[in-house]
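Novice: Listed below, chain by chain, are the residues.
There are 2 protein chains.
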Amino acid sequence: MQNNLKFEKISIIGCGLIGSSILRNINKKEISRSITVFDKSKEVIDIIKKEKLCDEISRDIPSAVKDSDFIILCVPLSSYKEILLSAKDHFKENAIITDTGSVKKEVNRIFENLNLKKISWLASHPIAGTEESGPAAGFRDLFKDRWTIICEGKNSQKDKVEKLKKFWEFLGSKVKLMSFEDHDHILALTSHLPHAVAYNIVMTAIDTDDKSKSDIIKYSAGGLRDFTRIASSDPIMWRDIFIDNSENLIKILNKFSRNIEDFKKAVSEKNGDKLLKVFATTKNVRKEIIKAGQDVKSPDFGRKKS
Amino acid sequence: MQNNLKFEKISIIGCGLIGSSILRNINKKEISRSITVFDKSKEVIDIIKKEKLCDEISRDIPSAVKDSDFIILCVPLSSYKEILLSAKDHFKENAIITDTGSVKKEVNRIFENLNLKKISWLASHPIAGTEESGPAAGFRDLFKDRWTIICEGKNSQKDKVEKLKKFWEFLGSKVKLMSFEDHDHILALTSHLPHAVAYNIVMTAIDTDDKSKSDIIKYSAGGLRDFTRIASSDPIMWRDIFIDNSENLIKILNKFSRNIEDFKKAVSEKNGDKLLKVFATTKNVRKEIIKAGQDVKSPDFGRKKS
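Just so you know, the protein sequences line up as chains A and B, in that order. In terms of this note's numbering, the first sequence has 256 at position 256, counting the first letter as 1, and numbering is strictly consecutive. In terms of this note's numbering, the second sequence has 165 at position 165, counting the first letter as 1, and numbering is strictly consecutive.
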């Protein structure tokens with residue numbers, strides 16, 4: 001399969017957790033004659049050099065994208081516009097431009113407004129990551145067995161979609177095509193809602209007197225610590241996600257608040273049957289997720305000593 | 001330290017995740033001449049026999065507690081009353097009765113109403129557990145480096161508190177004394193709030209059309225799957241916790257809802273600075289939890305392949 005997958009030059013713009021994990025899969029140059037990286041952070045570039053993740057570091061965006069037939073944006077959503085404005089006159093004809101962002105509709109609007117006729121814009125979203133950020137947190141198997149969603153831009157060419165699909169499969173990912181709108185709806189439910197709530201749980205838990213605050217930290221193993229993990233994800237990335245997907249998120253948070261009200265009612269009425277019904281439903285969802293291979297039964301959350 | 005810790009007979013009432021994990025630490029009889037177990041479930045007893053966790057299985061509660069100087073209730077909160085009613089006339093004088101439940105004030109009320117004068121009632125709460133339940137899910141190191149909270153009943157004797165403290169330390173736990181009220185307040189924040197919210201996140205996520213539902217499962221790795229883990233904890237246990245601690249929980253859920261409203265406002269106004277401020281606060285709480293040794297930096301939540 002990989003034999004068909006060949007690029008002249010791959011450009012990775014932004015080299016944090018995602019960009020560096022991609023690099024760790026392609027730096028042997030099996031699928032591209034040359035590979036270049038651009039990152040505006042000197043610190044990031046130092047790590048890439050130190051870990052020998054890429055032998056070609058670009059000085060600026062125009063030289064990074066020049067002659068490249070495959071460009072991958074791995075930057076926060078709020079920097080797409082600026083990057084595309086400096087890149088747009090330097091794109092090679094027929095190049096595939098993709099990204100790795102967590103919201104799609106707003107980003108697609110930016111591309112449509114720029115009206116880049118000579119290139120193929122195809123959005124990608126590898127649903128993979130940890131709460132860590134930066135190139136040192138990346139690892140080769142990040143995408144393995146995870147899903148990557150591809151959304152096709154207007155006038156996408158079939159062979160380009162196929163090539164992008166093969167690229168993600170080369171990284172170990174499974175691929176699904178989806179519309180921009182469906183993507184943003186599904187991800188609001190599976191990712192943006194849980195993250196939004198995690199921040200608010202932690203904010204609620206620490207909004208207490210100082211005497212209790214140190215106890216909150218001490219006894220966090222009862223559930224809170226798992227939410228603090230989610231709530232410690234990259235701030236810029238999450239600011240951009242919430243703002244770009246605000247419409248879907250607010251709709252879902254409203255629904256969530258209505259569920260919380262129902263739940264409070266059941267608790268205050270001591271309605272055990274209603275609560276058991278809720279728990280049976282949620283336990284079943286867990287089973288389906290494990291069945292679908294999206295989690296393992298014991299992902300070391302119990303912190304067993306090995 | 002262990003040398004001073006000696007019992008004549010330890011009785012474990014209820015042998016699920018917690019009870020069986022205690023057994024796995026004491027079945028060599030280093031600290032007690034005899035150990036007995038009672039569980040009303042035949043299935044549970046079969047596992048205990050099969051795994052040779054205890055050589056003495058009691059047929060009923062009166063014989064389980066008879067001659068015992070240390071009785072540990074490891075049962076759902078809703079069964080305390082019934083168990084204590086069948087046990088109360090069979091307790092040995094000066095026996096220590098403790099429990100392992102997650103809510104304390106209501107349980108203490110049951111003990112006070114029974115007015116058991118000859119025994120020492122001391123509540124215990126080992127803050128340890130996984131989403132699994134039942135004796136097969138237990139393991140020896142469950143309590144290691146975790147906190148156990150002890151709440152003293154009226155007229156507790158100092159030497160009994162000290163003995164109970166040593167018992168939990170023998171299991172590897174750190175021990176803190178706390179009032180019943182403080183316990184229920186702190187746990188509502190660190191454990192009951194996160195669990196209540198996890199159930200509601202999962203309920204919200206699956207409340208969508210059937211077409212989306214299978215996508216929700218498929219793409220759950222973006223955050224949802226971690227909440228389904230928490231929301232798959234033992235249903236009876238959590239029904240009892242929410243009902244027993246309803247007053248604290250509802251107060252805190254109200255506060256949480258106000259935070260969600262603030263958050264929605266920031267999102268709809270695209271107030272990035274406000275969001276970044278929230279994220280900085282929550283990231284800091286995470287750091288403090290890691291510093292306090294209550295989580296590790298990478299608890300395999302990113303599911304790196306080993």
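Hints listed in this document are in silico derivations from the structure and should not be mistaken for laboratory results. Hints may be right or wrong, so weigh each one.
Because identical chains share one entry, a pair is satisfied inside a single copy or across any pair of copies.
With a straight-line Cα cutoff of 25 Å, these simulated PhoX-like cross-link-like pairs (lysine-lysine) come out [unchecked claim]:
#1 K160 to K213
#2 K92 to K29
#3 K291 to K50
#4 K118 to K105
#5 K88 to K218
#6 K218 to K144
#7 K81 to K105
Novice: For which of the previously enumerated hints does the structure constitute a violation, in increasing order of number?
Specialist: 1, 3, 5
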